[in-house]
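There are 2 protein chains.
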Amino acid sequence: MSAKNLDSLDKIVSLSKARGFIYQSSEIYGGLSAVYDYGPLGVELKRNIEELWWKSMTQVHDNIVGIDAAIFMHPKVWEASGHVDGFNDPMIDDKQSKKRYRADMIIEEHILKLREKGKEDKADELQQELDTTGTREGLCEDLHEIIMREEIRAPESGAFDWTEVRQFNLMFKTHYGATSSNDEDAIYLRPETAQGIFVNYKNVMDTARVQVPFGIAQIGKAFRNEVVARQFVFRMREFEQMEMQYFVEPETDGESYDEWLEKRLEWHKEIGIREENLRVADHPEDKLAHYARSAADIEYHYPIGWQEVEGIHNRTDFDLGRHQEYSGKKMEYYDQKEQKRYIPYVIETSVGLDRTTLMVLCDAYREEEVDGDSRTVLKLHPKLAPTKVGIFPLVKKPELKKVARKIEENLKQDFTVRYDESGSIGKRYRRQDEAGTPFCVTVDFDGLDDDTVTIRYRDDMKQERVKVDQLETVIRNRMKSWKPE
Amino acid sequence: MSAKNLDSLDKIVSLSKARGFIYQSSEIYGGLSAVYDYGPLGVELKRNIEELWWKSMTQVHDNIVGIDAAIFMHPKVWEASGHVDGFNDPMIDDKQSKKRYRADMIIEEHILKLREKGKEDKADELQQELDTTGTREGLCEDLHEIIMREEIRAPESGAFDWTEVRQFNLMFKTHYGATSSNDEDAIYLRPETAQGIFVNYKNVMDTARVQVPFGIAQIGKAFRNEVVARQFVFRMREFEQMEMQYFVEPETDGESYDEWLEKRLEWHKEIGIREENLRVADHPEDKLAHYARSAADIEYHYPIGWQEVEGIHNRTDFDLGRHQEYSGKKMEYYDQKEQKRYIPYVIETSVGLDRTTLMVLCDAYREEEVDGDSRTVLKLHPKLAPTKVGIFPLVKKPELKKVARKIEENLKQDFTVRYDESGSIGKRYRRQDEAGTPFCVTVDFDGLDDDTVTIRYRDDMKQERVKVDQLETVIRNRMKSWKPE
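Line by line, the protein sequences are chains A and B.
Residue numbering for the first sequence follows the numbering used here, beginning at 517 and increasing consecutively.
Residue numbering for the second sequence follows the numbering used here, beginning at 517 and increasing consecutively.
Treat the hints with care, since some could be wrong.
As the list claims (entries may be wrong) - Under the rule of at most 25 Å between Cα atoms (straight-line distance), these lysine-lysine pairs were calculated in the DSS-like manner: (1) K689(B) with K689(A); (2) K928(A) with K999(B); (3) K928(A) with K779(B).
For the record, the hints were derived by calculation from the structure and aren't laboratory data.
Next comes chain A alone, as it looks inside the complex (with noise of 0.2 Å):
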C-alpha cells in the first residue's frame, strides 16, 4: 500500500464540496465572497472539534471557566480596545471602477510585475521604500505619493485616477435600537472575541468563585472586513474562534506564556495532527502588536504553506487597563494571601476554529494506491470523524437489512452512525472513507447463524468478524486507542 499526502489545497476544496464538509456561501446567487457554509460532514466534524477544546479547557482545569459573550458589544468596548483608532488598513479608490484597494498591496503588485520584467534593482529600491514608509500618521501621504510617482495603474480598469490614501476601519458598522440619527447608534461586530472576556472579569471574577491564576474560555464569531480575504475557509470574513484568556500575576506572565504554549502545541498533537506538520514561530520583538509583550504562532503546514493556527499571546495588562480607565471601574484583583492588590496579567490562547477544521482535514487527507485500487480515506481523529460508524447489509435482503437496521438502532444513542444498503460493498466502503468514517459494520450471512458482524478499520482497511453484542466495546476501545500514522 502507497499513500500520498496532501499536496493541493484544491483537492480540500472539491472533496469538501462534493462530499458536504464545506460549501460557498449563498452558491446559488453566485456566492458571497470569503464566506463559507459548513455541511452536513462538515458541521459534525466542527462540532466535534469545539467539543474537544470547550472540554479540554473547562471541564479538564478547575480554574477555567467558559462564557459565552453576545457578538455586539457597547461601542465603547471598541474605543477602549484600540480597535476605533487603530484597525484599519490604508485604502485608495480607483476613480473609474469604483473598486477600492489596499495601497500597500498595490505597490506590492507594481514590484512584483517589476520583478517579472527583470528590474531588480527598483523593484528592490521600491520595497526597500515601502518598508521604511511607516509611522501611522505619515502612512497614507507616503503610500500616496509613491503610487502617484510611479505611475501605477489600478489592476482592473488599468486606469490611473486614484482617489487620496485613506485608513478604512475593518470592523462591520452597523445601527442599532431606535434613534433617527445615524451617528448615536452605530455599533460594530465584534472583530475579535477577546474583549467580551475582558469585559466579563469583574462578573465572573464576582460569581464564580474563581482566584487568580484562572481561565476564561470562549467559543465564538468575530468579523473582519478584510480587503484581501481568500485561501478557502483560512481567511475569512466571518470566522469562529476559541479563546481563553488566562488571568496572572503580573511576575508570573513569561512562565504562564510558557506553559501555555507548550499545552496548546500538545492539544494539536492529541486531536491528531501529526508531529512534523506542527512547529512554533515567535514573533521577533519589534514586530509584537501594541497589546502584546510576547506572542508566538502555533504553526501547521498548510497546502499553502506553514500557517498560523493558532496565537499565544502576553497581553500584559494592557486590556484590563484600558478597560479600568475607559469605564471606570476597578480591574484589581485583591490576592488575600499575600494582601496585595493588583491589574492581573494575561496569557492569550486564541486559535481559529476554522483554521483548525481546514487543518484537520489536510492532515487526515490520503490517496493510497492499494493492490492496483486507490482509494482518498481521511485518517481522521475517530473523535473527531463526524460519522463513527457506517451500517451496511452485504445486499438488500430483508433478513440482513432488519439485523443492520437494529445495529443502527443500537449503535445510535451513543455513536453517529450512518445506514447505507446501495451500492456495491466496496462503494460503501469508499464513500465512508472520503467521510472519514473509522469503522465500518457489515451484516452477512454467515453472521446470521452466530450473531456476527464484520467490522472494517477505515485506516488499514483490516476486517474482522466479531458478536454483535460486542461492538460497542470494540469501537470504544478502538477510538481510545488510534494514534495518527
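Using the hints, position chain B against chain A.
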C-alpha cells in the same frame, strides 16, 4: 417540606446575575439594551440544551442532517425571502428628543392611559380603529392620522412634534467588501436562520444522499433590530435559534406538520419541563404569516404569562419556490420511485435557544422550606445541569482533601465537576442547589477506612453512603432515571 414555584421573572434575573448564568452585555459600560452574555453556568446550561436538541435531530433520525450556514448571506436571499420588502415596523420620530417609536405602540400606550382615566368607551373605539388599520399600503398614513387627530404626545419629551410615519426594516445592515459605492455592498445580518437551510437545500441533496422526506437542522444566531426588545433574554436583538426544516412531498405536509408538532412537544417534556406548563396554541388562519399554510406555537407558562418558546410552521413550497424564481436554479426534487418532479413542502420547527434556556431556568426554580430553613434550588434535568457533581472534603484536612481531589480527577474525565472546600458543608450544598448541581459527594473521616463517601441528592436532599468505585455508576443510573417533580 413545602415548595414554591417561580412567581416573578425578577428572581431569575437576580439569580442569573448572582450565580453567573446570564449577565447584561457590556455591563461595565452601562450595558447594551436587549443583549445579554452567558456566564460560566449559563454557557454550560445552554451548551447542554443545544447538544440534546442536536442529537435528538441529527443523531436519532437517519434522514436528518445538520448544517452551519454563515450569518452573512448574499443580499438577494433577503429579496427572495420577502424580508427586504416585508420585514418592517411603522416608525415615527419625535423631532425634539430624536427618539424613534413604533407608531402603533404609541397609540397602544395612549389607549392604556385612556383606560387608566376611566375613558373606556373612547379607548374601545380607538382600539377598534387601530385593529382595523391595516393594509400595508395605507398603514403609515392611517397611524399618522390617529396620532395627529388624538394629539398624542411623545412619551419621553412630552412634545407633540412628530415626523411622518415610515416603514423601517428590522434587519441590521452593514457594508461588505471593497467597493467605494455604498449601495452596491449593503449586506444584512440574517434575521432568521431558516434561509441558510433553504439556499443549501440543493447542496445537501447533492452531497448527503438524502431522499424526501428529509430534514436539515441548524443552530445559529439571528439578529432583529426590534424597537421594543425587553423581558430579559425573552426578546433580544441578538438571539439564537435551533431550527429544523423538513422537506416533504406536497400532499403529505399536513400529516408531517401534525407529527412534528407532537414530537417537538414531547421533546420539551424530555428535557424535564413539567407538562402543565406547556401548551399548544394554533395560529388562527387570518393571522398566518405570508409563507405559512398552518402554524402553531408551543407555549410555556413563563412568569410573564404564556409565551411562545417554539414555532411549528407549514411553510409550503413558498421559500424554495421563491429561491427558484430569484436564483434561476431549479429547486425541484425528482422522486425516482413515483417518477415525478416537485418542489417539496417544508415543515419548520423553530425553537429559541435563549427562550428555552429561560424556560428551563424558570421551570426548575423552587424556593423550599426545609425544617425551618429555606433554600433556593434549581431542579434541572441532570443532563442539563451545568455542573454534574460537587466534590467536597468535609473539613480542610489534607487526608480528606487528597481523597476528594482524587475523586475529582477521576470524575472529571466524564462529568463537569466542582471541587469546593470553603465554608460550612451546609453552605456548600446551598451553593450547588442554586447552581442546579444534582449530586454532591462529601469525603469524611468515616469513609477513609472503607473507601466510601456520602452522595447527596439535590432534589430530596437525601444522603447515601456509597463505595468510591461505585460513584460513576450511581451517578449514571440516577441521571437516566430522573423525572421532574
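Hint-by-hint comparison with the structure:
{"no.": "1", "hint": "K689(B) with K689(A)", "result": "holds, 8 Å"}
{"no.": "2", "hint": "K928(A) with K999(B)", "result": "holds, 23 Å"}
{"no.": "3", "hint": "K928(A) with K779(B)", "result": "holds, 18 Å"}
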